[in-house]
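Engineer: One-letter residues, chain by chain:
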Amino acid sequence: MKIDLRILVFFGILFIIPLFIESPFILHLLITSFVFSVICASWDLTMGYLGLFNFGHLAFFGIGAYTTGILTKFFNISPWIGLATGAVIATLFGFILSLPISRIGASAFSLFSLAFQEVLFYLIRSNPYGLTGGAQGLFPVPQITLGSIEFGGYSKVPIYYLILIFFFLTIVILFALVRSRFGFAISALKSSENYAISRGIDPFYYKAVAITSSAFFTGLIGASYAHFLGVVGPEIIGWNITILSCCIVMFGGPGTLFGPVAGAFLITGMSTYLTGFEAYKYVIIALVMLLIILRFPSGMAGAISIFQPYFSKVKRDLYQNFGEKK
Amino acid sequence: MLLVLFVSGMFIQKIMNPLIDRDNELMIILGTFAIGALLENALLIFFGGRLKRIPTPLEGYVKIGEASISYHYILIFAVTLSIMIAITLFLKKTRIGMSMRAVAQNKDSAFLVGIPVKRVYMYVFGISTLLAGISGVFMGSTIFITPNFGQEALYRAFIICVIGGLGSIPGTILGAYLVGFLQSTLSSIFTMQFVPPILFVLVMLILLLRPQGLLGSRLK
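Quick mapping for you: the protein sequence lines, in order, are chains X and P. If you use the working numbering, the first sequence corresponds to residues 1 to 326, in order. If you use the working numbering, the second sequence corresponds to residues 327 to 546, in order.
Extracted from the complex, chain X is given alone in its bound form (with noise of 0.2 Å):
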């Protein structure tokens, strides 16, 4: 498996920055740019790559986090298997979501998505026999501890390398994935389907697998939230994150897994520093990215691949004077 030079020089920079800068501040603002870049990361599979829009998408990270929230708070059961745990429930919603996809339509499955995750929003605040805690939320989810390590508490260093390392092997993975067979059965199936499916490309299967194995590395990251906030409140399966992970994919790019990553970081960034000006925070929110999909239709990696041919000419030239080859 071939890895790209690019994202291990990203992941190398992220792997140094605590021993420089250990203000918890910065780093709980890069943990949850990280769970961010997951989730829609993940969501770019389905949204970008395939062209299904999968509205209940956040279900998976829900799922995941409720789960381990509720085994390890009610059951006492270590926190490593509630991620595990976490992760296989969430893929197995996600398998169970991908089954009605023969049957309907893509616009429908977008509505069905939607439908289920709102069943899912409900039955969590009605506070099942106690064991979701309602609106309030769940609390306190412990912490994971490993030997001496607290993944947690005052130093956000321990679960900065924890949520650092699932990012880093979600997109490795992501970056195989849609680079393989698999991918460019997906990128057909989303072009022209009824060519991919006279080609031999079975639409059910591939769909099937796309979604779920998008729902396995939400709800890992959802499982890791959890016990990195400590708290599981229904908000984080609502209306407002939805919509807000949503614009994330559009804004960075979809179709590219490389574009959503930034957008995560450039929106949890941006909202984190305009929270002085409250509400109109969401304003200048909104008008970025109102600007970004009325002048870039493909997100800021459209916006960047216009200058792609200055880049690609100063790397010419750049290989000529060290006389390599490309």
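None of these hints come from the bench; they were simulated from the model. As the structure is a prediction and not an experimental result, all values here were calculated from the model. Don't take every hint at face value.
Claimed, not checked - Cβ-Cβ distance ranges computed for the label pairs, FRET-style: (1) P:512 - X:102: 29 to 35 Å; (2) P:406 - X:103: 42 to 48 Å; (3) P:433 - X:155: 29 to 35 Å; (4) X:192 - P:413: 35 to 41 Å; (5) P:420 - X:180: 37 to 43 Å.
No residue lacks a Cβ here, since even glycine has one placed at the ideal position from N, Cα and C.
Using the hints, position chain P against chain X.
Structural biologist: Below, chain P without anything else, positioned relative to chain X:
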């Protein structure tokens, strides 16, 4: 006020125009969400987040047996009924209405036979904004309003549209009555909290078994 609503709807369409040209449904959805967030927070800035109440235009009520119905509800009923009839007639009989249905069926062929597709879009946005505004005024005088009380209405509209069927006004009316009826009966059987999940499960079942809704035309 009606004119302002109509014009603002057309203005929103003008902003969205490049997106509609691109024919990318996701982007249109996202663009409308962005505009929605923008307007909601602008309202929050100008009017604050407090609960407000619009005074009702009509005071008093009539008593029919045990039940008492305020004049205001009767007014709402009369206005909505006449609007429904007017819209149905408008879509079925007038030139603009017919061209709207033509564009909904097939945009390209509508353009080929000489329907000004862009102008039709503008009218559609204007009219739908106008109708939403009117319903907002009536809702505002029955319950307390906040800048984001439209979200609740959006949910309900979503459920009603899917159950009743997209693109069918009789279906919408049927769906609205069904949802209202279910809501009050279910909340007396179960607790109030379990009503929304049951309604959304119903939406999922409808989408699975009858994607076009109860009375709707076929969904792509």
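Engineer: Compare the structure with each hint and give your call.
Structural biologist: Outcome of the hint check:
no.: 1; hint: P:512 - X:102: 29 to 35 Å; verdict: holds, 31 Å
no.: 2; hint: P:406 - X:103: 42 to 48 Å; verdict: violated, 35 Å
no.: 3; hint: P:433 - X:155: 29 to 35 Å; verdict: violated, 58 Å
no.: 4; hint: X:192 - P:413: 35 to 41 Å; verdict: holds, 38 Å
no.: 5; hint: P:420 - X:180: 37 to 43 Å; verdict: violated, 55 Å
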